[in-house]
Amino acid sequence: DQQVKQNSPSLSVQEGRISILNCDYTNSMFDYFLWYKKYPAEGPTFLISISSIKDKNEDGRFTVFLNKSAKHLSLHIVPSQPGDSAVYFCAASASPYDDMRFGAGTRLTVKP
Amino acid sequence: GAGVSQSPSNKVTEKGKDVELRCDPISGHTALYWYRQSLGQGLEFLIYFQGNSAPDKSGLPSDRFSAERTGGSVSTLTIQRTQQEDSAVYLCASSLGGRVIQYFGAGTRLSVL
Numbered sequence: 364d365q366q367v368k369q370n371s372p373s374l375s376v377q378e379g380r381i382s383i384l385n386c387d388y389t390n391s392m393f394d395y396f397l398w399y400k401k402y403p404a405e406g407p408t409f410l411i412s413i414s415s416i417k418d419k420n421e422d423g424r425f426t427v428f429l430n431k432s433a434k435h436l437s438l439h440i441v442p443s444q445p446g447d448s449a450v451y452f453c454a455a456s457a458s459p460y461d462d463m464r465f466g467a468g469t470r471l472t473v474k475p
Numbered sequence: 031g032a033g034v035s036q037s038p039s040n041k042v043t044e045k046g047k048d049v050e051l052r053c054d055p056i057s058g059h060t061a062l063y064w065y066r067q068s069l070g071q072g073l074e075f076l077i078y079f080q081g082n083s084a085p086d087k088s089g090l091p092s093d094r095f096s097a098e099r100t101g102g103s104v105s106t107l108t109i110q111r112t113q114q115e116d117s118a119v120y121l122c123a124s125s126l127g128g129r130v131i132q133y134f135g136a137g138t139r140l141s142v143l
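Protein sequences appear in the order of chains A and C. Quick note: the working numbering has the first sequence finishing at residue 475, numbered continuously throughout. Quick note: the working numbering has the second sequence finishing at residue 143, numbered continuously throughout.
It should be emphasised that the hints constitute simulated quantities derived from the structure, not laboratory data. No residue lacks a Cβ here, since even glycine has one placed at the ideal position from N, Cα and C. Mixed in with the good hints there might be a few duds.
To be verified - Lysine to aspartate or glutamate pairs mimicking EDC-like chemistry, simulated, CA-CA at most 20 angstroms apart:
1) C/K87 with A/D462
2) C/K41 with C/D54
3) C/K41 with A/D462
4) C/K47 with C/E115
5) A/K368 with C/E74
6) C/K87 with A/E405
Unchecked claim - Using C-beta positions, here's what the derived DEER-type ranges look like:
7) C/Q110 with A/L374: 16 to 26 angstroms
8) C/S39 with A/R470: 32 to 42 angstroms
9) A/P442 with C/S141: 31 to 41 angstroms
10) C/G128 with A/N420: 14 to 24 angstroms
11) C/G46 with A/S371: 35 to 45 angstroms
12) C/D48 with A/H439: 42 to 52 angstroms
13) A/E421 with C/V42: 42 to 52 angstroms
14) C/V42 with A/K368: 27 to 37 angstroms
15) A/E378 with C/G81: 44 to 54 angstroms
16) A/P442 with C/G101: 39 to 49 angstroms
17) A/N390 with C/G70: 16 to 26 angstroms
Using the sequences and the accompanying hints, generate a full structural model.
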């Protein structure tokens, strides 16, 4: 049962442009949403999070938007840099004490 | 080191053999998670330990899979009678109790021939 879905397996953008990664979820109990970034041969690392009381959270070049009514969140990276090339996982949890569900990931390639 | 440590980094085994994968979480982290990432797939939740509570085993795919966490620290994931479909990267993560952010190890790549 895929409760968190990332429908785009890959995305390619030009350096300096905006990258938009999308994520949809089905469980209305989810209240915490995170994005992780994964380089090859490394474990995922936490990037940015948002809780359901907000609809936007910004950290430098990274912004996460949450639309609870649509059960949709997105990660915006602007401007994109070649070092941002990685696999990005969306994750969701109902509470800090519940297990987290991950999407299948989107491979972002930023071309110089 | 200060991060989550997993060993071995790579494991090649023959079908039918048992394997043990080890995870050393970040010191002080009370929550520990195991995930599996098969080729082309996302992170599949396997099991979750939180302090002294009974573990959440709801993600274990079959009774060939089991995990222990001794002394609230090191965890071992055991796969008995391995099958080729068990081939995947097995990731361990830990977090402070009550905190959502998880810190991942680099994973163990398991190949079942």
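Verification of the hints:
{"no.": "1", "hint": "C/K87 with A/D462", "in the structure": "10 angstroms, holds"}
{"no.": "2", "hint": "C/K41 with C/D54", "in the structure": "17 angstroms, holds"}
{"no.": "3", "hint": "C/K41 with A/D462", "in the structure": "27 angstroms, violated"}
{"no.": "4", "hint": "C/K47 with C/E115", "in the structure": "13 angstroms, holds"}
{"no.": "5", "hint": "A/K368 with C/E74", "in the structure": "12 angstroms, holds"}
{"no.": "6", "hint": "C/K87 with A/E405", "in the structure": "25 angstroms, violated"}
{"no.": "7", "hint": "C/Q110 with A/L374: 16 to 26 angstroms", "in the structure": "39 angstroms, violated"}
{"no.": "8", "hint": "C/S39 with A/R470: 32 to 42 angstroms", "in the structure": "22 angstroms, violated"}
{"no.": "9", "hint": "A/P442 with C/S141: 31 to 41 angstroms", "in the structure": "39 angstroms, holds"}
{"no.": "10", "hint": "C/G128 with A/N420: 14 to 24 angstroms", "in the structure": "20 angstroms, holds"}
{"no.": "11", "hint": "C/G46 with A/S371: 35 to 45 angstroms", "in the structure": "38 angstroms, holds"}
{"no.": "12", "hint": "C/D48 with A/H439: 42 to 52 angstroms", "in the structure": "46 angstroms, holds"}
{"no.": "13", "hint": "A/E421 with C/V42: 42 to 52 angstroms", "in the structure": "44 angstroms, holds"}
{"no.": "14", "hint": "C/V42 with A/K368: 27 to 37 angstroms", "in the structure": "33 angstroms, holds"}
{"no.": "15", "hint": "A/E378 with C/G81: 44 to 54 angstroms", "in the structure": "45 angstroms, holds"}
{"no.": "16", "hint": "A/P442 with C/G101: 39 to 49 angstroms", "in the structure": "47 angstroms, holds"}
{"no.": "17", "hint": "A/N390 with C/G70: 16 to 26 angstroms", "in the structure": "23 angstroms, holds"}
When the structure is compared with the earlier hints, violations turn up for hints 3, 6, 7 and 8 and for no others.
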